[in-house]
Amino acid sequence: MSDIHASWGEAFARFAGGLPAVDHAARSAAFDEFIQHGMPDDAIERWHYTDLSAFPKKPVQLATAAALGGYARWQLSGCDERIWLNARNVAGASSATASLPSLDAHAGIAGLHRAFAQPGLQLDVGPGTALARPVHALTVTTADADGEMTHLAHRISLARGAAATVILQNVGLPGATRFSTQSLTVELAEQAQLTLIRVQDESRSTTQWLQTDVNVGRDARFQLVNVDLGGKLIRNDWRVKLTGPGASTELAGLFAADARVHLDNQYEIDHIAPHGTSHQYFRGLGFGPSKAVLNGRVVVRPGAQKTDSEQRIANLMLAKGAEIDAKPELEIYADDVKCAHGASCGQLDDTAVFYLRTRGVPETQARALLTYSFINSVLERIAHAGLRTRIARQVTALLGADLDFDAIGDLS
Amino acid sequence: MTKLLEIENLHARIGDNEILKGLDLSVGAGEIHAIMGPNGAGKSTLSKVLAGAEDYVVTSGTIRYQGQDIAEQSAEQRAAHGIFMGFQYPVEIPGVSNMMFLKAAVNAQRKERGEPEMAANDFLAWVRHRVKQMKMDPAMLSRGVNQGFSGGEKKRNEILQMLVLEPKLMVLDETDSGLDIDALKIVSDGINAMRSPERATILVTHYQRLLDYVQPDFVHVLAAGRIVKSGGPELARELEEKGYGWLQAA
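Chains A and B, in that order, give the protein sequences.
Going by the UniProt record's numbering, the first residue of the first sequence is number 1, and it counts up by one from there.
Going by the UniProt record's numbering, the first residue of the second sequence is number 1, and it counts up by one from there.
Just so you know, these hints were derived from the structure itself, not from any lab.
Predicted, not measured: the structure shown is a model, and the values here were computed from it.
By construction, the Cβ of each residue, glycine as well, lies at the ideal position given by its N, Cα and C atoms.
Each statement offered as a hint is correct.
Computed footprint of chain B on chain A; a stretch qualifies when at least three of its residues, placed anywhere within it, have a C-beta under 8 Å from a C-beta of chain B:
| id | segment |
| --- | --- |
| 1 | 351-365 |
| 2 | 393-405 |
DEER-style ranges, computed between Cβ atoms:
| id | chain 1 | residue 1 | chain 2 | residue 2 | range |
| --- | --- | --- | --- | --- | --- |
| 3 | B | 196 | A | 78 | 47 to 57 Å |
| 4 | A | 88 | B | 54 | 52 to 62 Å |
| 5 | A | 302 | B | 120 | 51 to 61 Å |
Using the sequences and the hints, build the whole thing.
Here it is in structure tokens:
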């Protein structure tokens with residue numbers, strides 16, 4: 001077949017050459033799965049809005065782990081820093097080996113990820129332990145040549161009663177086109193509590209797939225804030241299973257789609273056990289010619305009585321050419337449940353813009369302040385002031401404004 | 001001497017609907033004018049047109065402020081040069097603290113006027129002084145603008161903004177509506193505190209009530225897009241007794 005097809009084989013042969021024999025067998029099987037099933041196309045329901053069958057258009061190669069400078073600006077105060085440059089761990093403890101993740105995903109792309117996966121964050125927290133500082137897992141990519149790729153597998157496991165906050169930040173330096181896959185597997189035992197803040201700020205030439213699988217045990221809680229700011233073609237799959245009675249989850253998300261980005265977030269919450277609670281809270285911004293997809297699926301299994309589920313999606317269209325497809329999906333097989341959902345799409349309120357302008361605030365700044373107001377309910381869930389301000393600044397800069405967010409801190 | 005504000009034969013419409021139909025009004029520095037009138041007369045339109053609302057089109061006539069025609073000035077430019085509009089329905093801006101909002105407003109105005117930004121400490125002290133004057137809880141400064149405020153609190157916040165910004169021409173659109181008697185007193189004190197020989201106030205109101213606390217120098221009746229009668233404070237009391245019907249018929 002094509003150069004592209006050959007390049008996958010070459011990349012894998014080079015990668016597999018350095019693997020221990022035991023890994024080699026599992027990875028070869030995974031690679032075969034990928035070759036057999038290929039990339040997902042839009043005939044698959046879950047991939048209706050994002051068709052990767054024609055991807056990639058150029059030969060691939062594993063990114064070379066060059067030394068990179070300039071990542072210090074993304075480090076966060078008060079955090080336990082773990083850093084990966086082009087999938088190579090350069091700071092913070094990380095095990096060199098990790099078992100291949102098992103993913104509830106399309107066989108082809110899952111096979112691809114398993115075949116090439118390198119160990120990312122491997123976090124185990126023991127029973128009753130609460131981590132004092134957030135763990136900041138920072139991945140940085142660069143690309144000297146088109147088609148460079150990285151594949152990281154992260155795993156978080158919280159034992160009974162453990163608690164942690166993890167900030168997973170994916171950033172990309174400008175450069176050639178690149179491709180990455182990431183998996184994140186989360187196991188939360190009884191009464192464990194995880195807050196995950198994920199910030200995707202990839203380069204404008206990045207195609208990325210992330211799959212997160214979460215198991216939430218009895219009375220455990222999983223809280224997510226996902227922020228998408230960059231990328232070229234971004235696809236995030238979030239699968240949260242409430243497997244123990246009383247398990248709860250809150251999924252909050254914010255995206256800023258501009259500059260021809262294609263951004264597809266697929267959220268799925270599976271209520272398997274009774275007395276589960278799930279809240280979803282999303283805010284989307286359409287800045288320009290772009291397409292954003294938000295699918296929020298909630299399944300309530302027959303045994304999941306007394307489920308309490310709510311989903312709220314609100315989108316703000318800030319420019320012509322922006323497209324946002326928001327789709328709530330509810331599948332309920334239990335009769336004693338409470339499920340609510342709502343979605344809206346609108347523009348900035350002219351009266352509010354006028355109000356600010358009558359106070360002397362120029363229109364550009366007025367629109368930025370109101371946009372900040374719109375996303376604030378998601379931002380305020382980010383329990384790191386520095387990161388919160390940085391995101392606010394970055395989003396409002398897309399509207400051409402430079403706001404004084406420090407004014408908020410004047411009173412503290 | 002040049003009047004602070006001079007409106008001549010003002011016609012304005014929104015969409016195809018002409019609201020102001022040849023309005024004349026002249027306001028001198030140091031004066032307080034009350035504009036009263038029935039619903040739909042054009043009172044709110046006048047406020048918005050003065051403040052620079054773009055959804056209203058001025059089809060003829062002029063507005064001169066400090067001797068200059070302001071037709072081409074944006075709302076933010078007018079604000080920077082001292083025109084302030086108090087809203088009948090102040091907007092809620094959740095998540096944007098009052099402090100951030102006030103700072104953005106003050107600094108934007110100073111920038112437009114070519115003045116340096118205020119030092120953070122000076123600004124905070126200044127705002128706190130005004131908050132105290134309005135008998136508000138300083139904790140409100142870290143709350144979102146009008147977020148979860150009652151109708152009365154919102155109006156009080158309008159006057160707070162006015163005190164912080166220190167405009168020259170204050171156009172207060174139904175600021176008295178939705179106020180209980182205590183809040184009306186505080187709001188009135190705020191308006192009176194801004195009374196000075198260089199400033200002027202236009203109180204747009206439906207009722208006489210506010211005028212018991214803020215003495216106007218002139219009272220005008222606005223009906224069907226024009227000022228149909230002008231007089232002193234006694235006109236307000238006359239309107240309170242007789243209503244507006246006798247004027248519209250005239």
